[in-house]
Amino acid sequence: MGRPRPPPLSPQAAAIATTFLLLLLAIAIFRFFRPRRAGPRLPPNVKRFRYRDLEIATDSFDASHKLGQGGLGIVFKGVLKNGQAVAIKRLEDSEPLSSRGEMELQNELLMMSHVNNSCPHIVSLLGFSSHGKHKLLVYEYMALGSLEDHLHGEM
Numbered sequence: 002m003g004r005p006r007p008p009p010l011s012p013q014a015a016a017i018a019t020t021f022l023l024l025l026l027a028i029a030i031f032r033f034f035r036p037r038r039a040g041p042r043l044p045p046n047v048k049r050f051r052y053r054d055l056e057i058a059t060d061s062f063d064a065s066h067k068l069g070q071g072g073l074g075i076v077f078k079g080v081l082k083n084g085q086a087v088a089i090k091r092l093e094d095s096e097p098l099s100s101r102g103e104m105e106l107q108n109e110l111l112m113m114s115h116v117n118n119s120c121p122h123i124v125s126l127l128g129f130s131s132h133g134k135h136k137l138l139v140y141e142y143m144a145l146g147s148l149e150d151h152l153h154g155e156m
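Numbering (this note's numbering), first residue to last: 2 to 156.
These are computed hints drawn from the structure, not numbers from a lab. Note that the structure is a prediction, hence the values are computed from the model and not measured. A hint or two may mislead.
What the hints assert, rightly or not - Between beta-carbon pairs, the in silico distance windows are:
id	residue 1	residue 2	range
1	I17	E93	48 to 54 Å
2	K48	T19	50 to 56 Å
3	A144	R32	47 to 53 Å
4	D60	Q107	25 to 31 Å
5	L24	K134	35 to 41 Å
6	V124	D54	19 to 25 Å
7	I30	D60	46 to 52 Å
Here a beta-carbon is modelled for each residue, glycine too, at the ideal position from N, C-alpha and C.
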């Protein structure tokens, strides 16, 4: 003899269970095949740098490499592995993946990448790094000082 069999599902309960399973399947398929959100579209000459490489280039952002400070962060001089001198702007630390920090980075990247194409006399954006809360922008280094230094006679 054995255990008694449970009563069969009513047609309404079977319809609800089937609808629920189909809905879960549809959500899973949609999430799998949806287009991924891409970051800002940048010109091909804007490079993504590894954070560690920029940290090495500035001796861990040592104060002796500090060139100046702006509204969004501190600028350091660095030398890349290939010997190229660069100016690295470290944006103010923000929470990892915070919308404000990411937005600041994307805005500056987009603005400077467009300026590079239309204004050849402005310092060029070479690339960026975004590693957790560390947001860095890499510019060409101006050995003779910044435009601000020349305009305000701080040379």
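Verification of the supplied hints:
no. : hint                     : verdict
1   : I17 <-> E93: 48 to 54 Å  : 52 Å, holds
2   : K48 <-> T19: 50 to 56 Å  : 52 Å, holds
3   : A144 <-> R32: 47 to 53 Å : 51 Å, holds
4   : D60 <-> Q107: 25 to 31 Å : 28 Å, holds
5   : L24 <-> K134: 35 to 41 Å : 38 Å, holds
6   : V124 <-> D54: 19 to 25 Å : 20 Å, holds
7   : I30 <-> D60: 46 to 52 Å  : 51 Å, holds
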